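**Q** One letter stands for each residue in the lines below.
Protein chains: 2
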Amino acid sequence: MTITHTHERHTEPLWLVQVDFPSGGPFGEEMAEAYSELAHSIAGESGLVWKLWTENPEAGEAGGVYLFSTREDAQAYLDKHTARLSSWGTEDIRGRVFRVNPALSRITRGLDHA
Amino acid sequence: MTITHTHERHTEPLWLVQVDFPSGGPFGEEMAEAYSELAHSIAGESGLVWKLWTENPEAGEAGGVYLFSTREDAQAYLDKHTARLSSWGTEDIRGRVFRVNPALSRITRGLDHA
Numbered sequence: 011m012t013i014t015h016t017h018e019r020h021t022e023p024l025w026l027v028q029v030d031f032p033s034g035g036p037f038g039e040e041m042a043e044a045y046s047e048l049a050h051s052i053a054g055e056s057g058l059v060w061k062l063w064t065e066n067p068e069a070g071e072a073g074g075v076y077l078f079s080t081r082e083d084a085q086a087y088l089d090k091h092t093a094r095l096s097s098w099g100t101e102d103i104r105g106r107v108f109r110v111n112p113a114l115s116r117i118t119r120g121l122d123h124a
Numbered sequence: 011m012t013i014t015h016t017h018e019r020h021t022e023p024l025w026l027v028q029v030d031f032p033s034g035g036p037f038g039e040e041m042a043e044a045y046s047e048l049a050h051s052i053a054g055e056s057g058l059v060w061k062l063w064t065e066n067p068e069a070g071e072a073g074g075v076y077l078f079s080t081r082e083d084a085q086a087y088l089d090k091h092t093a094r095l096s097s098w099g100t101e102d103i104r105g106r107v108f109r110v111n112p113a114l115s116r117i118t119r120g121l122d123h124a
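Keeping their order, the protein sequence lines are chains V and B. Here our numbering is used: the first residue of the first sequence is 11, the next is one more, and so on. Here our numbering is used: the first residue of the second sequence is 11, the next is one more, and so on.
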């Protein structure tokens, strides 16, 4: 029997969602407690490979970087997340969807475990 | 004998460098050919865990997202890369260094293989 691990093949391009916004906190462990439930929900988003949560208390900024397996899922998530942040009163949200360049990203170990 | 895989432990925080800028290309396979040598050089940067290369021909933007094992390496790389891009005539470079929130990023599979 042959088991195919599609995530290890990268035959289709992957898509990166990049979000950041001004934030007065919470940061660190308080941030982790405040958004733990949301993180479990995000882990189940359609097409999500992974998300890294980003924070910079000194600069007053926070955000996230996400890898998605399809462009449609990436854009749909960005639209949904931007609306959610706006509903919480977050302003000046900067969101981008990028294609991941597979050949270059492989050289720099970015797709070793995608 | 005990072998310690420090990268799998995440006892120290990781640092994300986020860079993007307006770009008229090259994109896709031409981009991969143009920057293959640079990618091999970046793969050897001090403290680099991985880099994902990002591109959006429709929006006319490109960039990169990097994971580093120390804040000092992250900031030093951002300074160096920004100077390199500027020397090539790239303007409006947007660069950020963020701490990765470990607890939340673990929930969303972002540190499974960091």
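Derived from the structure by calculation, the hints contain no laboratory data. Because the structure is a prediction, the values reported are computed rather than measured. Keep in mind that a hint or two might mislead.
Claimed, not checked - Derived CB-CB ranges, DEER-like:
#1 Thr80(V) - Glu55(B): 29 to 35 Å
#2 Glu40(B) - Gly35(V): 38 to 44 Å
#3 Glu43(V) - Ser46(B): 41 to 47 Å
Ideal Cβ positions, reconstructed from N, Cα and C, are used throughout, including at glycine.
**Q** Compare the structure with each hint and give your call.
**A** Here is what the structure says about each hint:
At about 30 Å, the beta-carbon gap between threonine 80(V) and glutamate 55(B) stays in the expected band of 29 to 35 Å. For glutamate 40(B) paired with glycine 35(V), a C-beta distance near 43 Å keeps the hint of 38 to 44 Å intact. Glutamate 43(V) and serine 46(B) have their C-beta atoms about 44 Å apart, which keeps the hinted 41 to 47 Å range intact.
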